[in-house]
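Colleague: Please construct the entire structure, taking both the sequences and the accompanying hints into account.
Here the protein sequences come in this chain order: A and B.
Numbering that gives the first Met the number 0 puts the first sequence at residues 0 to 51.
Numbering that gives the first Met the number 0 puts the second sequence at residues 0 to 235.
Rather than coming from a laboratory, the hints here were simulated on the basis of the structure.
Wrong hints could be hidden among the right ones.
Below are the SDA-like pairs computed for lysine to any residue, each with C-alpha atoms no more than 20 Å apart in a straight line [what the hints assert, rightly or not]:
| no. | chain 1 | residue 1 | chain 2 | residue 2 |
| --- | --- | --- | --- | --- |
| 1 | A | K37 | B | A233 |
| 2 | A | K37 | B | N229 |
| 3 | B | K113 | B | T179 |
| 4 | A | K37 | B | T179 |
| 5 | A | K45 | B | A227 |
| 6 | B | K171 | B | L204 |
| 7 | A | K37 | B | H10 |
| 8 | B | K113 | A | S5 |
| 9 | A | K37 | B | R226 |
| 10 | A | K37 | B | Q232 |
| 11 | A | K45 | B | L230 |
| 12 | B | K113 | B | H181 |
| 13 | B | K113 | A | W12 |
| 14 | B | K190 | B | H10 |
| 15 | A | K37 | B | R225 |
| 16 | A | K45 | B | N229 |
| 17 | B | K113 | B | R226 |
| 18 | B | K171 | B | I106 |
| 19 | A | K37 | B | E224 |
| 20 | A | K45 | A | W33 |
| 21 | A | K45 | B | R228 |
| 22 | A | K37 | B | K190 |
| 23 | A | K37 | B | G234 |
| 24 | A | K45 | B | E224 |
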Amino acid sequence: MNFDMSPYGAYIWPAYAISALALIGATAWTLAAWRRAKARLEALEKPARGKP
Amino acid sequence: MNWLFRYANPHEFMRLSGMVLPFAAIGAALCLAVGLYLSFSVPPDYQQGTTVTLLFIHVPADVVAEIAYGAIAVCSLLSLVWRHPLSDTAARAAAPLGALFTALGLITGALWGKPMWGTYWVWDARLTSFLLLLFLYFGYMALWNAIEDETRAARAAAILALVGVVNIPIIKFSVDWWSTLHQGESIVSGKIAPIYLWPLLIMMLAYVLLFLTLWMVRIRTAILERRARNLMQAGP
Chain A
0 MNFDMSPYGA YIWPAYAISA LALIGATAWT LAAWRRAKAR LEALEKPARG
50 KP
Chain B
0 MNWLFRYANP HEFMRLSGMV LPFAAIGAAL CLAVGLYLSF SVPPDYQQGT
50 TVTLLFIHVP ADVVAEIAYG AIAVCSLLSL VWRHPLSDTA ARAAAPLGAL
100 FTALGLITGA LWGKPMWGTY WVWDARLTSF LLLLFLYFGY MALWNAIEDE
150 TRAARAAAIL ALVGVVNIPI IKFSVDWWST LHQGESIVSG KIAPIYLWPL
200 LIMMLAYVLL FLTLWMVRIR TAILERRARN LMQAGP
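Modeller: What follows is the structure in C-alpha cells.
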C-alpha cells in the first residue's frame, strides 16, 4: 500500500477524512436512533403486557 | 403487484429486513476494507497523479446520491398511485442519507477539482445539476417537516420527488449534452484502465451496501416510532 499522496496530499487526505467522518457519523446516528426507538417501544409495551 | 404488497407491509418488512441486514452490513464492511486496500495500492495516474485516489470515494458517493433519489422517486410513485403502506416511510427515510452522499460527492469533487482544474467550483452543467440534487433533497425534507398532517406532507413530498427526478438524467448526460470541465463517462465506455476499475467497482458496491444497510435501519426505526406513537395515542 502506498500512503504517499504527494504533491496532492493536502486535497486527498481531507477528502478521505471528511468521507470517513460523515459515514461513521451517519452509521452511529442511525444506530443510536434505532436503539432509542426500540427502548421507547419496549417501555411502552411493558405496562400493556402486564395487564391481565 | 401482489407480491410487493405482501412483502412490504410493516410486519413483513421487519421480518425480511431483519434477515437481510446482517448480510448487507457485513458485505459493506468487507467491500470497504478490500476497496480501501486496493485504492491505496494503485499506481498514480499518468495525467492526474495521486489524485486518482479520489476517484474511489468521489464516484461511489455520486452514484449512491443518485440511487437514493431514484429510490425516493420509486417509493413516491408507489405512494401516489397505489397508496402503498410503507412507501412514504421508505422515501422519507432515504432522504437524509441521499443528501449526505450528495454533499460528500460535492465536497470530494471540489477537493479533486482544485488540483486538477485550478478551482474548487465552476458553474458548469454537471456540478450545477448535482448541486440542484442537494437542494432537491433539502426541499423534500423541508416539505415533510413543514406540513403537520402526515398524509398531506407525504403527498406533497412525493410530487416534489417525482418532479425532481428529471434532474437525474440531466446529471448523467450533462457531460455529453454540454461542454463541461468534468470528465465524461468512462466506466461503461471502457475508457478507464482495469487497474482503477476494480477498486472503483468494489468501493461502489461498498457504498451501495452501506446505503442499503442504513436505509433499512432507518425504515425499521420509523416503524417502531409509529408503533410507539400509536400506543401513546391509544392511552393506558
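Colleague: Against which earlier hints does the structure fall short, listed by number upward?
Modeller: Going through the list in order, the structure violates hints 4, 14, 17 and 22 and respects the others.
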